[in-house]
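Make a model of the complete structure from these sequences and hints.
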Amino acid sequence: MNNRFLHLSVKRATVLFLLLSFLTLLLGGTIYILWRPSEHLFFSWIDEIGFGNLIDTIRLHSVSSRFLLPDFVIYSLPNGLWAFAYSMLIVGIWSGSKSKIKYFWLATIPVLVLGFETLQYFEIIRGTFSIQDIAFGITGIIIGIIVGNKITKIKNHEN
Amino acid sequence: MKIKLLKKSFWQSMLSVIVFGIFIYFAIGSIPGVNQQSRDLGDGVIETAKTYSDGKTEVLTGKHDEYGRWHGPITIERDDGFDLRFTESVTMVNGQRHGQSVTKYPNGSTHTVCYNMGSRVNCSKSAYKMVGDSTAFQILNYKYPWFMVTLNMIGFDSEYVETYLDTVELVLSDYEFDDEDFDDNYNEVIETLEETKYDSIIGTNYVLLLYRALENMKNAEFRLATIDYYRTDGAGTYNILQTKYPGYILSMNEAGVSNQDLEAFCLKFDTIIASYGLLDLEDPFFPDSADTRMYRAMDSISNSEKSASIFDELKSASKYSLNTNFSNYLNKIDPKLKKLIADNNPKEVATLIQISIFEYYITSDIMRSAVWDAYVLKNGVIELPTVTTEFSGNNSTTSATVQGYVIEDGNNTIISKGIAWGTIYNPTLDNNVEIRGNGTLTFSATLEGLTEGETYYARAFATNSAGTAYGNCISFIAESASGIDYNKIKDLDFNIYPNPASSTTTFAFQNKTTERLNLVIVDLNGKVVLQRELGNFQPGKNQVQLNLSILPNGIYNCQLTNNSSVKANQKLLINR
Numbered sequence: 001m002n003n004r005f006l007h008l009s010v011k012r013a014t015v016l017f018l019l020l021s022f023l024t025l026l027l028g029g030t031i032y033i034l035w036r037p038s039e040h041l042f043f044s045w046i047d048e049i050g051f052g053n054l055i056d057t058i059r060l061h062s063v064s065s066r067f068l069l070p071d072f073v074i075y076s077l078p079n080g081l082w083a084f085a086y087s088m089l090i091v092g093i094w095s096g097s098k099s100k101i102k103y104f105w106l107a108t109i110p111v112l113v114l115g116f117e118t119l120q121y122f123e124i125i126r127g128t129f130s131i132q133d134i135a136f137g138i139t140g141i142i143i144g145i146i147v148g149n150k151i152t153k154i155k156n157h158e159n
Numbered sequence: 001m002k003i004k005l006l007k008k009s010f011w012q013s014m015l016s017v018i019v020f021g022i023f024i025y026f027a028i029g030s031i032p033g034v035n036q037q038s039r040d041l042g043d044g045v046i047e048t049a050k051t052y053s054d055g056k057t058e059v060l061t062g063k064h065d066e067y068g069r070w071h072g073p074i075t076i077e078r079d080d081g082f083d084l085r086f087t088e089s090v091t092m093v094n095g096q097r098h099g100q101s102v103t104k105y106p107n108g109s110t111h112t113v114c115y116n117m118g119s120r121v122n123c124s125k126s127a128y129k130m131v132g133d134s135t136a137f138q139i140l141n142y143k144y145p146w147f148m149v150t151l152n153m154i155g156f157d158s159e160y161v162e163t164y165l166d167t168v169e170l171v172l173s174d175y176e177f178d179d180e181d182f183d184d185n186y187n188e189v190i191e192t193l194e195e196t197k198y199d200s201i202i203g204t205n206y207v208l209l210l211y212r213a214l215e216n217m218k219n220a221e222f223r224l225a226t227i228d229y230y231r232t233d234g235a236g237t238y239n240i241l242q243t244k245y246p247g248y249i250l251s252m253n254e255a256g257v258s259n260q261d262l263e264a265f266c267l268k269f270d271t272i273i274a275s276y277g278l279l280d281l282e283d284p285f286f287p288d289s290a291d292t293r294m295y296r297a298m299d300s301i302s303n304s305e306k307s308a309s310i311f312d313e314l315k316s317a318s319k320y321s322l323n324t325n326f327s328n329y330l331n332k333i334d335p336k337l338k339k340l341i342a343d344n345n346p347k348e349v350a351t352l353i354q355i356s357i358f359e360y361y362i363t364s365d366i367m368r369s370a371v372w373d374a375y376v377l378k379n380g381v382i383e384l385p386t387v388t389t390e391f392s393g394n395n396s397t398t399s400a401t402v403q404g405y406v407i408e409d410g411n412n413t414i415i416s417k418g419i420a421w422g423t424i425y426n427p428t429l430d431n432n433v434e435i436r437g438n439g440t441l442t443f444s445a446t447l448e449g450l451t452e453g454e455t456y457y458a459r460a461f462a463t464n465s466a467g468t469a470y471g472n473c474i475s476f477i478a479e480s481a482s483g484i485d486y487n488k489i490k491d492l493d494f495n496i497y498p499n500p501a502s503s504t505t506t507f508a509f510q511n512k513t514t515e516r517l518n519l520v521i522v523d524l525n526g527k528v529v530l531q532r533e534l535g536n537f538q539p540g541k542n543q544v545q546l547n548l549s550i551l552p553n554g555i556y557n558c559q560l561t562n563n564s565s566v567k568a569n570q571k572l573l574i575n576r
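Protein sequence lines correspond, in order, to chains A and B. First residue of the first sequence: 1, per the working numbering; consecutive thereafter. First residue of the second sequence: 1, per the working numbering; consecutive thereafter.
It is worth saying that the hints were derived from the structure and are not from the lab. Any given hint could turn out to be false.
[As the list claims (entries may be wrong)] Now the in silico label distances, taken between C-beta atoms and shown as ranges:
hint, chain 1, residue 1, chain 2, residue 2, range
1, B, 439, A, 74, 56 to 66 Å
2, B, 530, A, 110, 53 to 63 Å
3, B, 200, A, 50, 16 to 26 Å
4, A, 74, B, 214, 14 to 24 Å
5, B, 429, A, 132, 49 to 59 Å
6, A, 106, B, 542, 56 to 66 Å
7, B, 283, A, 132, 17 to 27 Å
8, B, 214, A, 96, 52 to 62 Å
9, B, 109, A, 74, 44 to 54 Å
10, B, 4, A, 106, 20 to 30 Å
11, B, 554, A, 110, 56 to 66 Å
12, B, 276, A, 111, 30 to 40 Å
13, A, 74, B, 271, 19 to 29 Å
14, B, 206, A, 106, 43 to 53 Å
[Unchecked claim] Here are the simulated BS3-like pairs of lysine-lysine, each with C-alpha atoms no more than 25 Å apart in a straight line:
hint, chain 1, residue 1, chain 2, residue 2
15, A, 100, B, 8
16, B, 4, A, 98
17, B, 2, A, 100
18, B, 2, A, 102
19, A, 11, B, 4
20, A, 11, B, 8
21, A, 153, B, 8
22, A, 11, A, 102
23, B, 104, B, 50
24, A, 153, B, 4
25, A, 11, A, 98
26, A, 150, A, 100
27, B, 512, B, 567
Backbone N, C-alpha and C define an ideal beta-carbon position, used for all residues, glycine too.
Listed below in structure tokens is the structure:
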């Protein structure tokens with residue numbers, strides 16, 4: 001009975017990981033698709049796989065709702081959501097590991113999340129540098145690490 | 001145990017790489033696409049950088065008018081990514097090349113051409129007649145040399161462009177058709193050639209077309225009215241259309257929209273626009289923000305399902321002609337499309353207005369225009385003439401002179417030409433008319449009986465057997481000039497724009513010697529209301545911008561002075 005419960009808990013933890021990360025990515029992607037300017041590369045990719053017209057229609061339906069949302073939801077929240085998802089996944093993948101490679105991967109969290117903002121600040125890549133984006137990114141990292149640790153504690157505790 | 005740990009680390013790393021890769025993919029996708037970015041360099045100077053592909057850029061630097069259109073001296077730098085720079089210095093009016101354009105090539109040589117509202121003209125401003133067997137390439141090269149420079153910069157040399165256009169003409173010649181079928185057949189030819197080695201130039205042309213269209217669409221009257229809406233406290237869009245753009249209301253009437261339906265639409269439009277909040281009118285990108293809100297408001301009024309299908313139709317660009325006006329264009333569209341817009345409720349009116357703006361898009365395809373012109377010449381098709389208008393100046397408080405130029409006669413004799421003028425935008429033959437005979441020679445008309453301080457609009461027109469065509473609409477104040485024509489600045493000529501002004505105003509002048517200049521603004525009672533030391537200016541074209549929001553509405557006399565005398569003066573109307 002205990003073994004079966006343990007197996008279920010570990011499974012549940014894994015499902016929770018995947019579901020949370022998928023949902024946050026989906027939410028961030030939805031915000032981009034619905035309300036961000038269509039000049040982003042996403043849209044050329046979407047066009048290339050043949051969903052351009054469908055997305056255009058969806059965007060037409062959603063355009064009026066854009067002005068009900070505060071700007072930070074459109075322009076900064078996706079950054080935080082992706083930071084959360086990435087941090088949680090990396091923490092989850094490397095939880096309990098004694099390998100030193102783990103620190104390399106943990107270091108990619110701030111590098112990836114904050115790196116793009118830094119490149120935008122120095123105008124190396126296109127985009128608008130924003131302190132708000134950084135704040136959301138850092139918040140996403142922190143919450144992602146906390147949630148990642150909490151979920152992996154289920155597995156480690158049962159182990 | 002160690003091997004087990006290593007194996008585990010390996011799989012953890014593999015998983016991390018996959019996750020990392022996915023997030024890099026999303027992060028790259030969130031970078032704005034490589035197209036166009038603008039920034040304010042200060043002092044009203046805007047820099048717009050367009051990136052085409054592989055690092056090729058085109059950077060425009062200059063100023064916008066109050067409607068966000070390029071206006072005045074503009075510098076265009078084209079960079080092919082390997083330090084190959086073509087620099088063009090040109091004057092623009094309403095986003096069109098107007099006046100002399102000097103292009104400097106990387107080897108130091110220069111090439112000068114003249115334009116009149118986007119059309120190339122002889123620098124003496126006489127009409128140019130294409131010979132009957134001119135090819136599309138020859139026409140493109142002559143009429144749009146700046147476009148050829150851009151194509152060369154992107155990587156399509158002239159020989160390649162010529163081969164492509166010759167191929168288009170050759171394939172098109174296989175069709176037996178009337179000029180009414182030109183567009184359908186041209187589209188078929190392009191679709192065929194998209195499967196060949198010419199797919200890259202066709203793809204590039206779509207991008208160039210989009211940029212040109214975005215500029216041209218800024219001249220759409222409904223769009224101008226929307227910007228005026230923001231600047232006019234309390235006036236609704238319909239009122240603005242009635243007072244300033246009644247010609248647009250007429251064109252909508254011709255398209256089947258009654259004044260009541262248009263007014264109902266405008267009320268709904270105004271409500272939505274107002275819900276978006278205020279815009280900062282001093283922001284140099286204010287017209288761009290107004291554009292975004294206009295399109296979004298129209299989108300939210302339109303029936304999205306229907307408008308999506310309409311735009312699918314328009315994007316395939318299967319049913320339009322270069323040689324027609326908006327109502328004729330609507331008459332040619334698919335009957336099922338017409339049924340979609342027959343109801344004239346706000347949703348359908350919104351769709352019609354979007355179509356009317358989209359018309360500027362479909363006339364922005366330069367390659368298509370060149371092929372059409374060649375076709376017209378070869379087949380003797382009679383087109384409407386091409387005419388442009390220029391303001392010569394005020395003669396007195398009640399009289400002004402306007403000039404007209406017949407750029408192209410449309411392959412047929414000009415039977416009548418002149419100037420249409422009045423107090424509304426885009427005046428027609430139904431307003432005041434000064435007829436100036438026939439033929440293609442430059443002409444001018446003196447407009448009498450003006451009221452001092454009133455804003456007037458004028459357009460040159462020319463008529464051949466195909467009909468009457470109008471030139472660009474210019475505006476002026478009786479005893480003041482509005483807009484700017486740098487070709488006419490000489491000595492210390494002095495121009496003020498916009499005029500009427502509301503807040504930030506540009507004072508432009510050209511001086512022959514280095515001198516220190518002051519600006520003195522005097523009201524009608526002779527009282528000095530503003531005095532400013534402008535600074536020391538080198539010979540040449542100079543301009544300064546001042547915020548005049550402290551001055552109440554009214555007519556003022558602006559004087560440029562040095563320490564000893566008045567060098568120039570102009571009337572200024574402030575109207576908020």
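Consistency of the hints with the structure:
1. B:439 - A:74: 56 to 66 Å: 58 Å, holds
2. B:530 - A:110: 53 to 63 Å: 54 Å, holds
3. B:200 - A:50: 16 to 26 Å: Distance hint for residue 200 of chain B, residue 50 of chain A holds at roughly 21 Å.
4. A:74 - B:214: 14 to 24 Å: 23 Å, holds
5. B:429 - A:132: 49 to 59 Å: 56 Å, holds
6. A:106 - B:542: 56 to 66 Å: 59 Å, holds
7. B:283 - A:132: 17 to 27 Å: Taking Cβ atoms as reference, residue 283 of chain B and residue 132 of chain A lie about 20 Å apart, which means the hint holds.
8. B:214 - A:96: 52 to 62 Å: 55 Å, holds
9. B:109 - A:74: 44 to 54 Å: 49 Å, holds
10. B:4 - A:106: 20 to 30 Å: 22 Å, holds
11. B:554 - A:110: 56 to 66 Å: Holds, since residue 554 of chain B and residue 110 of chain A (Cβ atoms, about 60 Å apart) stay within the stated range.
12. B:276 - A:111: 30 to 40 Å: Once the Cβ atoms are compared, 38 Å apart, the range 30 to 40 Å for residue 111 of chain A and residue 276 of chain B holds.
13. A:74 - B:271: 19 to 29 Å: 23 Å, holds
14. B:206 - A:106: 43 to 53 Å: 46 Å, holds
15. A:100 - B:8: This hinted pair holds, its Cα atoms lying about 13 Å apart.
16. B:4 - A:98: 12 Å, holds
17. B:2 - A:100: 14 Å, holds
18. B:2 - A:102: 16 Å, holds
19. A:11 - B:4: Cα-Cα ~22 Å, so holds.
20. A:11 - B:8: Distance of about 18 Å is within 25 Å: holds.
21. A:153 - B:8: 19 Å, holds
22. A:11 - A:102: 23 Å, holds
23. B:104 - B:50: 19 Å, holds
24. A:153 - B:4: 22 Å, holds
25. A:11 - A:98: Holds, at roughly 22 Å.
26. A:150 - A:100: 22 Å, holds
27. B:512 - B:567: 12 Å, holds
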